[in-house]
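Residue numbers (the numbering used here), protein chains in the order written: chain Y, 32 to 532; chain R, 5 to 121; chain F, 10 to 473.
Keep in mind that the hints were calculated from the coordinates and are not lab data. Being a predicted model, the structure only gives us computed values, none of them experimental. For each residue, glycine too, the CB sits at the ideal point set by N, CA and C. Do not take every clue at face value.
Here are some, though not all, of the chain Y residues that point toward chain R, as calculated from beta-carbon distances under 7 Å [as the list claims (entries may be wrong)]:
#1 Ala50
#2 Pro52
#3 Gly493
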Amino acid sequence: MAQSLAGLHLATTWNAAGARPTALLQVSWDGATWTDETSRLLAFETGATLHTGKGLPFLGENRGGTAEIVLDNHDGRYSRRNAASPLHAHIADGLRGFGVRLSAGYYYGATPERLRQFTGYIEYPGESESLAQNRVSFNCLDASFPLQETPLKTQMYADYRSDEVMAAFLTEAGYGGSTDLDHGMATIPWAWADAENAWMQCQIVARSEGGVFYASKEGVLRFERFTHWLESADSLSSQVSLERNRVTFLAQQQSWRDCYSGVRAQWIPRSEGPEMALYEAHEAIAVRPGQTVTHEARFRYPAQAAYVPTAADGDFQAVSAGMRDLSANLVVGATIYGSLAEITLANTSTSQTIYVLDLRVRGVPLLAEEAQTVEEDSALGLVEDKVFDVPTNDYVQSEEQARLQAAFLRDVLQRPREILTWSGPCAPWLELGDRVDVTSAPQGLNALECYIIGMRQTWSAGAIYGMTLELLPVTDLYAATGYFTLGTSEWADAGSDYLFY
Amino acid sequence: MAHKIGLSGTEYTLPVTPEAETYEYGPVVLAGMGRALDGSGITHYVAAKKRWAGHWPGLTAAQRNSIMTELERQAHLSWYPAEAPATQYTVRVLSGFARPMAEAPDWWEVHFELEEV
Amino acid sequence: MTTLPRFPTIPEVESGQIIGATYLNALARGAEHLLGVSHASYALPYATAVLQRLEDSYGDMATYWMLHTSDIVAYGFFAGNTSAGKTWYVHLDYYGDDDTWHTVGAWSGTASPSAQSGTLDLSAETQITVGKIYQWRWQGKTSDASYYTTLQVTMLATRPAISGWAAPPTLSAGASSHASLNTYRADLMALNTLLPPTNPLSYCEDGKEHLHTQGDWVAWTRFAYRYRPNGLSVGLWANMLSSTWNWRVRFADAAGNGATVYTSPDVAAVGAWKYESADIDLTAGAAATALATAGITLTLGTGYLVTIEAKRNSDDHALNIRRALCVRTSNGTPGGAWADNKLWAHKNTDVGPTQLNKVRTDMLELYTGGAEELWGDSHAAAYVADEDRPCSGVHRMRYLNYRCAAGETPTLLYGAGFAEEYGLPTGAGWLGFDLSSVGLPAGAAYYVVNVEAAFEGDAIYGEA
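Model the full structure from these sequences, guided by the hints.
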């Protein structure tokens, strides 16, 4: 949603023929305070997008927003081997993971008015020096950065709504920042994360109901469901009019290649199987005296429940090389996750090595049944016999979820989509998903309303502070206006607002 | 305050003001420029800096050397211009050279071009 | 792998959210799913004969295994004496986690027969845990050795109360609200959660060599029918060398009124085991007439006794009967004010009270006091220690929980004419078996024979 303009004059200053942009760059070197590095800022470029292929949000992965920030390094301030740098104590091991905040806007008179344009972390730096030019560029990733680093293993969550699953994943990943999660439209019967990074897992959960998961300019992790753009005020009315006297580059592309006659969505229901051995070790595990061994037991199937192995239940034998029973000297612990267990084996003997034989983990598996398919076909006839298969998603486990995907995507993919690219001075309060309107007489664009699905900002010496927007015309996305909205629409036996899919 | 130039804190006080005929100062407008598809100009102003150019006439060799020492420093200089000696600017030297005065042997003039950083 | 009907997943909605056909169809399907459960075929639980005990010390009269699904236990029995004015004593115990018997119900009286029913609250009991199978026993005694205490057990089940139910609001034209729909969702889920995790496989008396005087009707095995409309499917196996035989189904209410709701024609003996069955509509035809004549009114939730009787028509040939089957059936007609729900579609414009209140109407029928009232009863399984009996029922749940009888191999009999056989694994204690690994059709009747006790469940449960 667009950033707030309360108390600011950016809605007019951005559009002035002569304007004065302003930027503020801060880096947190010590992890607690923010250092102003603006005086060294030479140029920046930020980019964020909601889509990958097919020009469509809801289907692609969101790789995270990026920023490339170029700074003057004439005195080696940002060189990690430069012992004379005042930052040496922080950056000696490398410039990675430091927090970055970039704000930009325009002066109103003598007052700088700025909004946050990027919040993230330095992913990797690049230093270069040529004659009389010593600069460094920080390649940064948005607030998704720590989550893209963290492989996530979680317990099994049963019947959580999509946003509740994401919230649980984020908590497990140790995320302590802000989130803004819509209520999901679907309940996921079984959800768990298995060693993919937390960011990727949240993406997959979001896609399971056609939503999007991304980090905002202000570093807030957002989940927006399918219908978000029909509900959010900033997506329902234009946040800015993009006129011909400000556009420096305008392009339109209509993709027939991504037009389909129907959509097939799969769902894979899971049910609890009979208790079984989820894991069996195929090796004897040796634990020396005083040693604690951590053994990863990866299950055959994801588990609704798994039990800590005990000797009494026959889950292992703990013996010496001479087959003497040493189970009294073995302390067994386990952390149980949805698809694996980490078992700790501690030997309290001072002289004997314990061999743990035939270790197994029993539990109740979640068996995947045959994948079921739903198909929704277009009646438009614009293309023939070309069906889009929605990529399989582990979290689409019910028919309701699959039908929702298939129905909505059918209506979207049955027409060739048009993407507009608009470049001009930057309107710094805009965010992904906002609605804007575009006017350009030669192309017949007369206040054409579009959603922002991609944004890039650039500023460097000699150039204007500019933005390039990727725009998706509104009419291509939703088949009708005036859908039934709880709390706004009225119950009516006839003439009510439209029911969505 | 006096008309000075040099490293901050150790400025050299200039013995003369610049020659009126050649002295000039004015703004350096830093901006980005683009034109919209209908020809409308869009200018994004960054800053307006100052620039000074001229020469100091009638310098002895010693004075010449002192001034050239400051102009040859590879650093930003502290500058108190003749028209506003109470105002301090930080400048870099775009050019600085000395030449003998043709009409007065043993006397020198130093030409300068400075830009505010 | 088999797939089984699943209650739909219904998400909660929030203010400002757009709702769609998928969501409203999920609500409607929830109601329809529960209607289907309300009209399910299922085996009637076993009712004992009128048992007798002479001793003046407590002793076992009937034993049961029961999965403890809730701390509320429902019971029903008839107690009595064989000598007017004498006191009968009955009590009900469970064998707790501490390996000791605990008495939770004790009754006595002089009326005979005395119909006793009600619920017991076991929440204060510390030796019984939800989720495990426990042994239960009915014991009786007399005051002296001059008379018998009689006991006929008709009901032993855990019966949880509904949880999470809030009176569903009536929607009216005007401002919409997410809260109302979330209440509908919570109520549907509360009704679904109430349903028992078990499906009974009724136990019947041991096979019998019927040698009674020809022409005499003699009762053989009984079932307890906590009535849900509207009929029964009853069957048994018989083997006679020659002549003919008949069987009939008797129906009695708690007041003792009795009627014959079905009488078979003369069945010719074929010299081998043969299955006979009848589908009985209690609300029409001869059966309804017989009930009316006997003064029996069928009321949802009231208990009745179903007895299978047999008679042979020749004193020269033994009639062997075994393996009775008694299943409640329904014609599926919704009762009360049940409203058929709309099939919602994209761009419908009748998102209003007339359609949406149907869900409310339906839920009220499924709730306490409604015509489709759902019960949480999870019935106990009768048994005689180490003795095998046949159990029969309708396949509705995935797992078979069973106990072997000494020396016997439990066997499934299923398919057309119950001709297919499948031997189950043997072992000690309560065992579990995944029925989806056998070609057992969902909703079909089948037998589990040569077991001590058995029931179907949504999981494999263990003994405490």
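Hints, verified against the model:
no. : hint   : in the structure
1   : Ala50  : 6 Å, holds
2   : Pro52  : 5 Å, holds
3   : Gly493 : 6 Å, holds
This entry satisfies every hint, going by the numbered hints stated previously.
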